[in-house]
Structure formats: structure tokens, C-alpha cells
Amino acid sequence: MDRKDFIKQLRRYQKGSISRRHFLGVTGLGTATAVLAGSMPHLLTSRRAYAQDLGDQVNLTTWPDYHEVKNFEKFTAETGVKINVTVFGSNEEMFAKLKAGGTGWDVLVPTNYTIETYVGEDMFEELDAALLPNYAPASYTDPRFTEAGNVGGKTYAVHKDWGTTGYVINSSKVTENPTSWKEFWDLTNGAHAGRTMVHDYQLTTIGNALKYFGYSFNSNDEKELAEAEKLLIDSKPNLFAINSDYKPSLLNGDAYMSVCWTGDAKQLKKTDPAFDYVLGKEGGEIWADFYAVPKGAPHRAAAYALINFLLEPHVNADEVLFHGYPVADKRVIDLLPPEIVNDPIMYPAAELLAPLEFGAAATLTNPARAEIMARFKSA
Amino acid sequence: MLRAYSILLYLFLYGPIALIVVFSFNSGLSAADFQGFSFKWYAKVATNELMLSALKTSLTVAFTSAALATIMGTMAALALQRVQGAVRVLFDALTYIAIMVPGIVIGIATLIALVTTFEAVNTLLAQIWPGDAPPKFGMGYGSIIAAHTLFAMALVIVIVRARIAGMDRSLIEASMDLYADPWATFRQVTLPQLAPAILAGFLLCFTFSFDDFVIAFFVAGPLNTLPIYVFSSIRRGVTPEINAIGTAIMLFSLIMLFGAQILLRRRQKPAK
Amino acid sequence: MSAGTSAISERKQAVRQQHGRWLTALLLAPSVIWFFVLLILPLIVVVVYSVGVRAPAGGYQAAFTFDNYLNLPARWAAFRNTLTLAPLGTLICLLAGYPLAYFLAVKASAKWRVLLLILVIVPFWTSFLIRTYAWIFILGGRGIPALLDSIGIEGVRLINTPFSVMCGIVYAYLPLMVFPIYVSLEKLDKRLLEASEDLGAGPWATFRQITLPLSAPGMITGCMLVFILLMGEYLIPQMLGGGKVFFIGNALVDLFLQSLNWPYGSACAMALVLIMLITVTLYLRATSATGGRRDASLI
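Residue numbers (this note's numbering), protein chains in the order written: chain A, 1 to 379; chain B, 380 to 651; chain C, 652 to 950.
Bear in mind the hints are in silico, worked out from the structure with no lab data behind them.
Since the model is a prediction, treat every value here as computed from it, not as a measurement.
Incorrect hints may have been included.
[To be verified] Computed cross-link-like contacts, BS3-like style, restricted to lysine-lysine with a CA-CA straight-line distance of at most 30 Å:
no.: 1; chain 1: B; residue 1: LYS435; chain 2: A; residue 2: LYS74
no.: 2; chain 1: B; residue 1: LYS423; chain 2: A; residue 2: LYS230
no.: 3; chain 1: A; residue 1: LYS182; chain 2: A; residue 2: LYS236
no.: 4; chain 1: B; residue 1: LYS419; chain 2: A; residue 2: LYS295
no.: 5; chain 1: B; residue 1: LYS423; chain 2: A; residue 2: LYS82
no.: 6; chain 1: B; residue 1: LYS515; chain 2: A; residue 2: LYS8
no.: 7; chain 1: B; residue 1: LYS419; chain 2: A; residue 2: LYS99
no.: 8; chain 1: A; residue 1: LYS8; chain 2: A; residue 2: LYS99
no.: 9; chain 1: B; residue 1: LYS423; chain 2: A; residue 2: LYS99
no.: 10; chain 1: B; residue 1: LYS419; chain 2: A; residue 2: LYS270
no.: 11; chain 1: B; residue 1: LYS515; chain 2: A; residue 2: LYS270
no.: 12; chain 1: A; residue 1: LYS269; chain 2: B; residue 2: LYS419
no.: 13; chain 1: B; residue 1: LYS435; chain 2: A; residue 2: LYS70
no.: 14; chain 1: B; residue 1: LYS515; chain 2: A; residue 2: LYS82
no.: 15; chain 1: A; residue 1: LYS230; chain 2: B; residue 2: LYS435
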């Protein structure tokens with residue numbers, strides 16, 4: 001190829017009209033690099049996993065504000081694969097859309113209590129550990145954060161991060177210094193009426209209403225659920241909104257308190273130190289998120305490449321620094337600065353963690369709880 | 380007094396729109412405090428990969444569904460002139476049902492109908508396919524285009540039929556007397572008279588599909604159309620970037636609309 | 652000779668008729684197929700689903716039971732909300748839009764009329780989503796309440812209330828109400844109004860006895876269009892209601908995408924369609940009663 005052709009291809013590559021792989025191939029640079037790599041093996045080690053053609057895109061289904069964009073750019077630069085991100089508000093929505101629209105998604109980020117259901121419906125594929133060299137089961141600090149990914153002895157999902165569900169308060173407005181769920185609901189109906197938000201999510205909203213009475217977060221007991229429902233319906237006029245996207249309203253001062261997940265609290269606190277995260281002392285929810293590959297993923301190779309990339313300790317550490325959710329991978333924890341590892345929001349004290357419960361699959365799929373949520377929303 | 384009220388109402392109608400446009404030029408972060416004039420949000424929008432791919436999806440779907448709807452709808456409107464009795468009543472009923480059933484029900488119904496169909500078809504394919512990876516049908520471009528075309532087609536039928544009803548028959552009759560060939564009559568007399576209505580119908584269908592959220596929300600599967608993207612961005616908070624996207628969308632719809640209006644008004648001037 | 656030619660032309664006629672019928676069928680075929688596959692079939696599926704049961708992990712499981720219909724009252728609050736706010740919104744749109752339509756049709760000068768009319772329609776066809784989004788900002792903490800705060804009226808909460816949903820509704824659907832009324836009023840023979848004045852009737856009497864009845868078809872069409880769209884409304888309560896205002900549309904989204912109770916959701920959808928059918932039938936009766944021709948144009 002002559003100089004003009006080369007410049008033309010280079011321009012096309014820079015504009016993004018052709019992928020890196022195509023550019024390398026058509027200009028012969030690919031072969032040149034491969035030859036070089038052969039003689040200098042450590043030059044391109046990380047790329048050996050991507051020996052096969054990964055295609056040009058991968059569809060990731062995940063939660064809001066959950067990934068460091070720079071990592072995505074890095075991935076695209078290294079592999080030429082573009083990442084299409086779809087964001088969901090709840091696990092039910094994710095499950096519904098996947099069940100309905102079967103094909104099209106490559107990587108999913110399900111929460112621990114959904115994996116059993118997905119596997120039961122034969123919607124996940126058993127992960128091929130050979131394609132995930134960065135996945136090191138031995139490096140996890142606590143099996144509770146990884147066991148949900150193993151159903152029937154097979155691994156269907158790998159650990160991404162974990163977290164807790166508490167509530168966040170704007171301490172410049174909420175000066176009462178609450179520490180329990182009882183106080184959360186009392187303040188909602190009392191001093192701060194009209195300024196509280198709960199999730200549009202049956203699991204956490206009903207669960208934390210149950211916590212007001214000290215019942216189990218996962219309770220499916222009729223009597224206990226009835227009491228929780230009464231609390232919810234009585235509190236509804238005093239709620240600002242029933243919305244899982246609570247950050248904007250907290251940031252612009254419409255709401256002072258909200259049920260909240262760990263990473264969101266961390267992100268809020270970064271923006272405004274007045275925000276404080278409270279783990280109700282009666283207990284609440286602890287959860288873990290995973291990466292999984294649905295059956296029939298159109299870009300399977302790219303899916304594995306992406307998951308493997310995101311599990312790499314340095315990349316994962318960058319993710320943690322962005323999204324603020326704790327990770328149970330020792331290799332990553334070692335790379336994190338001390339102020340993160342000792343952050344009470346992200347790595348709470350043991351006595352606060354002890355009473356927390358993992359959500360159960362039965363809790364999420366319980367139609368009675370779904371009905372209560374619907375009655376609550378329409379009340 | 381009536382005039383004052385009307386002016387007030389126009390202010391009410393355009394106030395929020397003006398607000399959106401003005402704040403899209405806000406140099407500050409918030410969509411609330413105006414801090415200075417800047418094009419930066421438009422620049423950000425122009426490089427927003429997710430938004431651009433949603434835009435591409437929206438444009439593809441809108442164009443395809445409008446084209447299909449216009450062709451099928453015009454054919455149907457023409458044919459309905461020659462049909463009486465039960466068939467016409469049936470067709471009228473179908474058209475009105477398509478327009479009357481709420482978008483949300485159409486979206487839901489299409490979703491579950493397609494899911495059921497695809498499940499059956501995919502299982503069948505998996506059984507009879509010789510290779511290892513049978514093709515799988517799923518929600519995507521096909522499903523959105525199909526659903527949008529339905530409502531758009533009903534729109535076109537209504538518009539074109541209204542135009543046909545108001546057409547000057549004498550020209551057609553004269554042409555039929557002079558030419559034995561009905562196809563030539565159609566091409567040289569009928570079609571030019573219908574053209575404005577057909578084109579207006581196309582533009583309106585395009586706008587409808589481009590702006591539709593509810594139906595696409597259910598049947599888009601893994602795809603994002605622009606309204607779906609905007610909706611999920613709004614859930615995340617009010618930023619001037621959304622204002623910029625909104626302004627651009629409104630400008631685009633305006634252009635489409637004015638095109639339709641001009642074409643529709645042209646029909647009032649008889650062809651000399 | 653004439654008998655021969657008339658026999659030939661008869662056959663020609665017959666052939667032409669045959670061709671004509673084929674042509675008609677061909678022209679109608681695509682749309683009929685489309686209507687059937689993408690309108691009738693899905694609605695049939697919804698009916699079938701509505702008598703099924705919820706699969707354990709969500710979705711549909713084949714069954715035959717009327718439980719879902721019997722259970723409709725569980726969503727009574729959603730139906731009640733919609734059946735209260737939709738007519739109310741329609742009424743407000745009517746009261747707000749009629750004077751404007753009157754102004755445009757009767758009082759405005761001819762050269763401005765079309766432009767002003769276009770200016771009313773334009774907002775309706777420009778992104779519903781974006782126009783509703785504007786109200787989140789106007790009614791939210793940094794909008795009107797902040798304005799009121801600065802002049803001393805504190806603690807006003809406008810967003811996430813039925814009020815904010817109503818604002819959004821009126822704003823979104825006002826143009827749709829204005830247009831049919833305008834069309835109706837424009838056909839009004841102004842000489843009737845002049846005659847009424849000459850005969851000594853005051854402007855209010857003229858309005859009540861002449862203008863109002865003659866614009867009835869337009870009013871009914873406008874109300875019908877707005878009401879029908881409001882019954883299926885989902886976006887406005889979702890965006891401006893903060894999850895606290897629950898319309899049938901919201902209930903449907905919840906049932907299909909959250910609680911995954913497709914059979915029950917299908918039953919609710921059928922109930923909604925039934926309400927629409929009844930309303931539209933009443934409308935058709937009403938328009939034929941007032942003798943107005945059905946406006947075929949929806950734009």
C-alpha cells in the first residue's frame with residue numbers, strides 16, 4: 001500500500017469509520033506487530049486473550065452510574081469493540097425485558113437474588129472459566145458475596161461488587177442524627193414530611209418498612225406484610241416521591257432523605273459532604289452484583305472479553321473509585337487507597353453489617369409483595 | 380379581552396418551550412441557574428455516542444415505518460373508493476380501532492404477541508435447523524417498525540381518504556374519457572392531486588414515529604430509540620444536555636411539520 | 652352488428668370488472684394483512700392471556716380462569732384516578748381552549764388566522780416527552796417554588812402532586828382540543844351572528860343560543876380526542892407524579908414490566924379497551940345526534 005492509501009486508512013481509523021483491527025489488517029501493521037510480539041512476548045500479553053475476532057460491538061445491560069467511562073474507552077481502544085450500554089431501574093424490569101426480548105444482550109449485571117431465577121428459566125449460560133483468566137475465585141474475601149453466582153455447583157455469574165441498602169440524609173437539613181429505620185419512618189411522617197423518597201422497588205421498600213417493626217427484610221409472612229403495607233400507605237402522603245432515581249432530587253434540595261444504595265451515597269457525599277449514609281441498626285439489606293452472560297448472546301466472545309477486562313484488578317480498582325461500591329476481591333482491595341478501604345460508607349463496621357440480610361429469590365418473585373407494592377403506588 | 384386571553388394562552392404554550400431552549404445554552408451545570416451563554420452542551424450532545432446511536436435507530440425506524448405506512452395506506456385509501464358494504468365497514472372499524480386503542484395497550488399487545496410468536500418460531504427453528512446456531516428472532520428494529528407502521532398506516536388512510544373525498548372528480552372522469560388506460564389516468568391526474576396529502580401523511584407519520592415513546596418502550600427490545608434514551612436520561616436528572624437534545628428534537632419536528640403544512644395548504648390552490 | 656359489438660363490450664366490461672376486483676384486492680391486501688397480524692392478532696393474544704395465570708417466575712401460563720377479571724377491583728384506585736383526572740383534564744382543556752378557538756375562528760383577521768392556528772398546533776407535534784420534561788423543572792424545587800420563596804412564600808411543593816400532573820395534562824393536550832373546536836366554529840356563518848344582534852339579542856345570548864350549539868360537534872370531537880388519549884396516559888403521571896400518581900397506564904407498565912403479572916395486566920388492558928369502546932360509541936351517537944359530519948381529519 002502506498003503512502004496516500006495509508007494516510008486514507010489512517011484518517012478513516014481516526015474518524016472511527018473502521019475498527020482498529022481492520023486498520024491493522026489492511027495496512028499490514030497488524031502482521032508487523034504480531035511478528036514483533038512473537039519476538040518480544042511481553043509486548044502484547046494482555047491481547048493474547050483476544051486472539052479471535054470479537055466483532056465490533058457488545059451490549060451491556062447494567063445499572064445507572066455503575067461504570068467508569070474511561071475504562072470503556074480503554075476497552076474499545078484495545079479491542080476495537082464498542083460497548084452499547086442499556087440501563088435499567090430494577091431487576092424486575094431487567095428480567096422482564098430479557099425474558100421478552102430474548103436476544104440482543106451480551107453482558108448482564110444481575111443482583112444476587114435473581115440469579116437462581118434466571119438459571120431456573122434457563123436464561124444464563126454456564127460461564128467458561130477458560131475465557132476469564134482474570135477471574136480468581138480464591139481471591140474473594142467472603143464466600144457470601146460470590147456463592148449466589150454458583151447454582152447447582154456450576155458458575156453462572158462472577159462477582160462484580162457488593163453493597164448495602166440504607167438511607168441517605170442531607171445532614172444540613174436533617175439534624176436529628178437518626179440511626180435506625182424506626183427514626184427514618186418517624187421523620188418521614190413527622191418533622192420532614194414531604195421530603196423523603198423511597199425506591200420504586202418492592203424488595204427494598206417493603207423490606208425497609210418491615211424493618212420499622214423489626215421483622216425480617218425477607219419476610220413473606222402475611223401478618224407482617226400487612227403491617228408493613230399499612231405503614232407504607234399511611235406514609236404515602238408524606239413521601240416526596242416513589243422513585244429509584246433519587247440522586248437528582250436530593251441534589252437540588254427537593255428531598256432531604258431517601259432509601260439509598262452504598263455507591264450512590266458515596267457519589268452524593270463526593271458532591272456534597274453534607275450527605276450522610278445511615279445503616280439502620282435494626283438491619284436491612286446486603287447484596288452483591290454479578291456479571292453474567294445470557295444464553296444466545298449475539299457477541300459471546302466480546303462479552304467474555306469485556307467481563308475479563310473489567311475483572312482485571314487495576315481496571316476494577318478504577319471502577320470502584322468511580323462508582324463507590326465495595327468489592328470483595330482481595331487483589332482489588334490491595335490496590336485501593338486507605339481512605340476508601342476505611343470509608344464507613346463503603347466498608348461499614350462489622351456490627352452494622354451483622355444484622356443485614358441478603359435478599360432472597362423468593363422475596364423478589366413473591367406475587368403478594370408485588371401486589372402490596374402496586375396497592376401502595378396506587379393508593 | 381379575548382385577545383388578551385389568547386396572548387396569555389400562547390405565552391403559556393410557548394413559555395416552557397422557550398425555557399428549554401434558553402437553558403440549553405446555559406454555560407452552568409444546572410438546568411436551573413442561568414450562568415452564561417455557551418454552546419458546550421450542543422458540543423457534548425454531538426459527541427455523545429449513546430445518543431447518536433439512539434438517534435440513528437430513531438431515524439431508521441421513523442423513515443421505514445413512514446414509508447411502509449404511506450405506501451400501504453395510500454393503496455388502501457384508493458381501494459376503499461371502490462368498495463362498498465361489509466368490507467368497507469370492516470375496514471373503517473379496523474382503522475378506528477388502530478387509532479382508538481391507547482398506545483400503551485398496542486405496545487403491550489404487540490410485545491406479548493411477538494414474544495409468544497418468537498418463542499414458538501425459535502423453538503421450531505432450533506429443532507429443524509441443521510447447524511449449531513439456529514437464527515433466533517427477537518425484539519428489535521422489526522418489532523418497532525411493525526408497531527409504528529400500524530398506527531401510521533391508519534393515519535395515512537384517514538388523511539388520504541379525506542383528500543380523495545375532496546378531490547375534483549371531473550378531471551378524472553374527463554381523463555378516463557380521453558384515455559382508455561386507467562393506469563395513465565392514475566399517474567397523470569389522480570396521483571398529482573393526491574401527492575400533497577400523501578407527502579403530508581408521510582411527514583406526519585415520520586414525526587409520530589420519531590417522537591413515540593410508549594410503544595417503543597415496550598417493543599424495542601435491546602434497542603434504544605431517541606425518546607427512550609431521553610426518558611432514561613431524564614430519570615437520572617435535569618441537565619442542560621437534555622435541554623440541548625430537546626431543542627434539537629423540537630427543531631427537527633418543526634421542520635417536518637412545516638413541510639407537511641405547506642404541502643397540505645398547496646392542495647387548496649387548484650392546479651392550473 | 653350492434654348486438655355483436657354490445658356482446659363484445661359486455662365481455663370487455665366483465666373482464667374490466669374482474670381486473671378491477673383483483674386490483675382492489677391487491678391494493679387492500681397489505682394493509683389488511685398488517686391490521687390483522689399487528690392489531691387483531693395481538694389483541695386476541697391479550698384476550699387469551701387475560702384468562703391465564705401468572706407463571707411462577709413471572710409471565711404467562713396457560714390456563715382458563717376469570718380470576719383476573721374478578722380481581723380487577725384490586726386496581727380500582729388506578730381506574731378511579733384515571734376516571735377522575737381524565738375527565739377533569741378534558742374539562743379544563745375545554746374551558747381553556749374554547750375561548751382561544753373562538754378568538755381564532757371568529758375574531759381574528761383572516762390573514763393572521765392560519766398562522767396563529769399553526770402556532771397552536773406546532774407544540775402538539777413536537778416531542779411530548781420534552782414538553783412534559785419542561786414542567787419537571789418549572790414545578791420542581793428550582794422553579795416556581797424558588798420564585799415564590801424569593802418573594803416570601805415558602806415551602807410550596809408543586810411537583811409530584813395531582814396538581815402537577817394536571818398541569819402537564821392541560822399543557823400537553825390543549826392544542827388537540829383547540830383544533831376541532833376551531834374547525835367547527837370556522838364553518839359558522841357569521842351572518843347568523845349579525846342577524847341575532849340585529850334582532851336585539853345581547854352577545855351572551857347570541858353565544859348561548861347560536862354559537863355554542865353550532866360548535867357542539869367540534870367540542871365533542873375535541874373532548875373525545877383528549878379523553879381517549881388521557882385514558883391511556885402513562886408518561887405524564889410517571890414524570891410529574893413522582894410515582895405517587897397512578898393511572899391505568901402506570902398500572903399496566905407496572906404489571907407488565909415490574910410485577911410481571913401478564914395475565915392480570917392483560918385483563919386490565921381489556922378493561923381499558925372496553926371503557927374506550929363505550930366512550931367512542933357514545934361519541935358516535937352524540938355526533939350523529941347533533942347532525943355534525945364526522946371530522947375525518949385528525950390533524
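For each hint, the structure was consulted:
no., hint, result
1, LYS435/B / LYS74/A, "24 Å, holds"
2, LYS423/B / LYS230/A, "47 Å, violated"
3, LYS182/A / LYS236/A, "16 Å, holds"
4, LYS419/B / LYS295/A, "42 Å, violated"
5, LYS423/B / LYS82/A, "19 Å, holds"
6, LYS515/B / LYS8/A, "38 Å, violated"
7, LYS419/B / LYS99/A, "40 Å, violated"
8, LYS8/A / LYS99/A, "45 Å, violated"
9, LYS423/B / LYS99/A, "34 Å, violated"
10, LYS419/B / LYS270/A, "24 Å, holds"
11, LYS515/B / LYS270/A, "45 Å, violated"
12, LYS269/A / LYS419/B, "27 Å, holds"
13, LYS435/B / LYS70/A, "24 Å, holds"
14, LYS515/B / LYS82/A, "23 Å, holds"
15, LYS230/A / LYS435/B, "47 Å, violated"
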